[in-house]
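Participant: Residue-level listing of the chains:
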Amino acid sequence: MKPDLVNAVLNSSTELAIIATCPDGVVQVFNRGAELMLGYSADEMVSKNTPAIFHDVKEVEAYSSVLSAKYQQEINGFNVFVFEPTRQGHECRMWTYLRKDGTRLTVNLTITPMKNESGELIGYMGIAQDITKIRSLESELLISDQRFSDAFHSATHGMGLVSIEGRWLDANAALCKIFGYEKNQLLLLDFQRITHPDDLEQDLEQVKQLIAGEILSYQMEKRYFHSNGSLVYALLSVSLVRDLQGVPLYFVSQIQDLTTKKEVELQSEARQRYLQLVLDAVADGIITLDKNLFIEKYNPGAVKIFHSFDDDISNVSILNFISDNDKQRFSSFCVNFLLDMKQSASRVEVEGIRKDFSTFEFECHISNLVIDEEPKAVLVIRDITQRKRTDKMKSEFVSTVSHELRTPLTAIKGSLELISLGAVGDLDQEIAPIMDVAIRNTLRLSCLINDLLDIDKLASGKLELNLKEQRLMPIIDDAIALNSRFAEDYKVHLELVEGYDCWVNVDSQRLQQILTNYLSNAAKFSPLCSRVDITVSAIGEMVRVSVKDNGPGISDDFKSKLFTRFSQGDGSDSRKSSGTGLGLAISKELATAMNAKVGCISKIKHGSTFYIDLPCKPAGQVRSSISHLREVS
Amino acid sequence: MNTSTLKNVLLVEDECDIRLLVTMTLSRLGGLDVHAEPSGKGAISYLAEGNHPDLIVLDVMMPEMDGVQTFEAIRAMPGYEETPVCFLTAKVHPEEIRRWHELGINDVLSKPFSPALLPGQIQACWSKWQQAH
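Protein sequence lines, in the order shown, are assigned to chains A and B.
Throughout, our numbering is defined as the position within the first sequence, counted from one, plus 34.
Throughout, our numbering is defined as the position within the second sequence, counted from one, plus 8.
These are computed hints drawn from the structure, not numbers from a lab.
Please note: incorrect hints may appear among the correct ones.
Said to hold, decoys possible - Listed next, the in silico DSS-like pairs over lysine-lysine satisfying Cα-Cα at most 25 Å (straight line):
1) K496(A) - K119(B)
2) K637(A) - K595(A)
3) K119(B) - K502(A)
4) K595(A) - K558(A)
Just chain A, same shape as in the assembly (with noise of 0.2 Å):
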């Protein structure tokens, strides 16, 4: 080859730092490359001893003490360089160059014996490239990579690297936590195997689009079988490492487990799905309000009530449903109870309204609640119709049985009296009792029919009142003096203590059927030989009719039910009480009939005082008691 061409071709090579030195190390070439590399000229270095000026004095006397080590020799100089390449042909290795201008590059350097055709040394020529950029980079490949396998290894979710074709290639303590495997029993298996197969697709259909790189990474929630075969929910992200070439090298995947979260909510849903069968199987209509009546929501009980099966009824007023009568009724049911709901009924019977215009009754019960600080009614609703119609059956049922039951009654009464007034001659001495008896029980009979029918009227309203302005104090004389012979049965004296003149606006005998009740219930609850004490007095704008005795007395736990229906006491009084358990019911619905209250003072052992309070106009004067028997008598 011409010397020219050679030249030519070294310092062609910019990249390359070509150094040839005679076999003493004395530099024979220095390339363009050297140059660049380096910083100094050709003419600088060329008959120079390398490698005083550009190697690092530190690094060569290293390799030096490496080398004699090595072969038990004393090698240093520049036979530091050549002596493996002499050994061996030819040597490369890292080594430090020293700029002209002070900064330091990393090199791989080879270093080869040149020799003549007759196989001479004639030199040594070192190729140096410059590698101090792809180090550095190495280094924080290094760095990174180290950081990555910390983070990796102390993650607290999953995290692993999986082949291409599916094998876990690395777990960590996480992950293996996760689906219930030692690390090395998870490497020997593929994410495919403890995937549910419901799953499998729709991830492999993913790894198929990172793989063919139309997606960097993905992410999905699927299921995993854990090691003792439960479900794990989990959140993996998937994405793809490629080398430098672009080719697919592993998969790294990170795994949240979801399966707590995923069971709460799992809970949550069955629990809001068994509470939606449960609203959806009620028969009874149940709706909530907001404040301004409107309707927002609303289960299929209500639906079917109203007839709406094919509406929507959301935000519709609940009016729309409640006929014209009873709208204003209905609506101010609700927004007293919304704006006061202690002190409300909570309870309402309303007539309703379909949508084909028919109407029908239905009860509807109030209760409140609160969402997001919004006042909401909740409605329960129910179609009474068929109860009404029922109890009006059962209303006219008594009715009718009872009129039919006084009819004969009255024969056998009417009959028996005939008797005992000796109509059809004259009665033998040891009859007369019998006759008795079967006179009392009788009218007990007759009595009890017509408690049944005052309170079946009452309850169906039907009963009219006789009502007119006129004094008490007559109509208290009657009712003393029509109950006396009957409290001298029980040996009780009626005694009517204080009176008090004034006007009432009463039905008469109503009023008297009241004092009977309470006159006869003292009497019978009295101590034998004992006082009833009838006291009137006003009390206020009203005046107070008490009747007080000295029986045995109410307990508190009684006093509750004392005036409703079929109520009677227990038989702790040695005497059987008698009576259908309906007169102080009555007497309440009467007394509140004419605008009277009843009520009752007990204490057990302390006797019982029982009063009614009327509204009244007083006569301006009060008569004396004793006056006032005397007129009586």
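Chain A is already provided as a structure; the job is to place chain B on it using the hints.
Facilitator: Relative to the frame of chain A, chain B by itself:
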């Protein structure tokens, strides 16, 4: 003023037991002559035959002709425009009683009746009618 004593009474009552009881009560205890008819029709024909009772006691709830219809039929008969008529009834609705009084019924006696009181009540009705005439 007519001061004659009450003697003849016509009772109209569809139920035979009650008819018997009232008859016995008024005759045995009240000392009256009682003629009993089981229906309004029977009563009309009895009167049409020329019988002229001092006082008539009418049951209200009767089949075919009820008390009110019977009463109106009697009043329409010549010679019976003034005869006192008492209703004996289980119906004691105040509104109805008021209506009956407006119709011209002289008295309303309630069922079940008390044999001890009934003769006195009938007598009272008779006295009231006599005072008014």
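Participant: Against each hint, give a clear statement of whether it holds in the structure.
Facilitator: Verification of the hints:
1. For the suggested pair K496(A) and K119(B), the alpha carbons sit about 19 Å apart, so the restraint of at most 25 Å is met.
2. Our distance criterion of 25 Å between C-alpha atoms is met by K637(A) and K595(A), whose separation comes to about 15 Å.
3. Taking the CA atoms of K119(B) and K502(A), the gap is near 24 Å; set against the 25 Å cutoff, the hint holds.
4. Of the pairs offered as hints, the one joining K595(A) and K558(A) holds, with about 19 Å between alpha carbons and a cut-off of 25 Å not exceeded.
In terms of the numbered hints stated before, the structure departs from none.
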